[in-house]
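Heads up: the sequence lines are chains A and B, in that order.
For the first sequence, position 10 matches number 10 in our numbering, and the numbering has no gaps at all.
For the second sequence, position 94 matches number 207 in our numbering, and the numbering has no gaps at all.
Derived by calculation from the structure, the hints in this document are not laboratory data.
Where hints are given, some of them may not hold.
To give an idea of the interface, some chain B residues facing chain A are shown, with a C-beta separation under 7 Å as derived from the structure [claimed, not checked]: (1) D124; (2) Q128; (3) A144; (4) V154; (5) L225.
Glycine residues also receive a C-beta, built at the ideal position from the N, C-alpha and C atoms.
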Amino acid sequence: MIRLQHLPAGTTIVTVQTSRVTAATAPALKQAISEVIAAGHLRVIVDMAAVSFLDSSGLGALVGLLKLVGSRGDLVVCSLQPSVVQMFGLTRMDKVFRIFADTNSAASALEQV
Amino acid sequence: MLTMTVPAAYDEIDQAAVRLRTAAASVLEGAMLDRFELATVEALTNIVRHAYREEPDRKINVEMIEVPGGLALHLCDTGRAAASDLNLFIVDAADDDRIFEGIAESGRGLELIRRCASEVEYRQGPDYNQLRLIFIIPL
């Protein structure tokens with residue numbers, strides 16, 4: 001479901017390994033990333049390069065994770081495929097989430113805070 | 114063009130959506146094809162979640178046909194009818210961004226369907242519900 005990479009500056013890259021994040025898979029994904037956050041990793045980059053489809057259930061899971069981090073840290077997304085970019089735009093979630101082109105630019109931005 | 118019966122389960126929806134997208138690709142493409150898939154998945158998920166309340170062994174009948182200028186997708190279930198106050202079929206209503214204000218974790222599905230499809234129609238029969246989604250290719 002996910003792969004983790006902990007960067008020296010304290011940021012964690014969570015790479016989503018599921019191509020479709022929908023009602024079938026979103027609960028497990030949310031649970032997996034929730035456990036990462038609960039373990040104290042509060043600067044999180046969700047790498048969605050492998051995600052070709054995201055529906056409102058998947059988006060709801062991301063929103064839940066964003067709320068879970070809250071003001072304690074940061075949760076951003078990166079490497080969105082065009083269909084997922086469209087989904088974020090349709091739902092105005094591109095105004096809620098910080099979106100980066102790739103993990104490097106996301107990591108740089110988070111480490112500057 | 115394509116007729117199928119989808120078991121009302123979330124993992125079955127994904128399989129059906131991929132089949133429908135593949136078939137729709139002969140008519141739609143690019144971002145419109147993505148919106149077709151999104152509307153299809155949202156509609157099927159709503160049926161499983163709300164019409165059937167995730168009951169096992171229920172079915173959704175799906176028919177996709179080519180229409181002048183695009184595609185029509187008909188989804189038929191025998192579950193609970195949608196609430197009568199839903200503005201699902203008010204196709205001329207301006208896009209309401211308020212549904213997306215705040216960061217709620219749910220409730221975006223219907224508005225997404227409206228934004229992705231060119232037209233949305235919902236009919237309640239004596240023992241069935243039918244959702245009709247039309248996707249018209251812009252000239």
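Taking the hints in turn, this is what the structure says about them:
1. D124: Result: holds, 4 Å to nearest chain A Cβ.
2. Q128: violated (10 Å)
3. A144: holds (6 Å)
4. V154: holds (5 Å)
5. L225: With a minimum Cβ separation of about 6 Å from chain A (threshold 7 Å), the hint on B/L225 holds.
Hint check: a violation occurs at hint 2 only; the rest are consistent with the structure.
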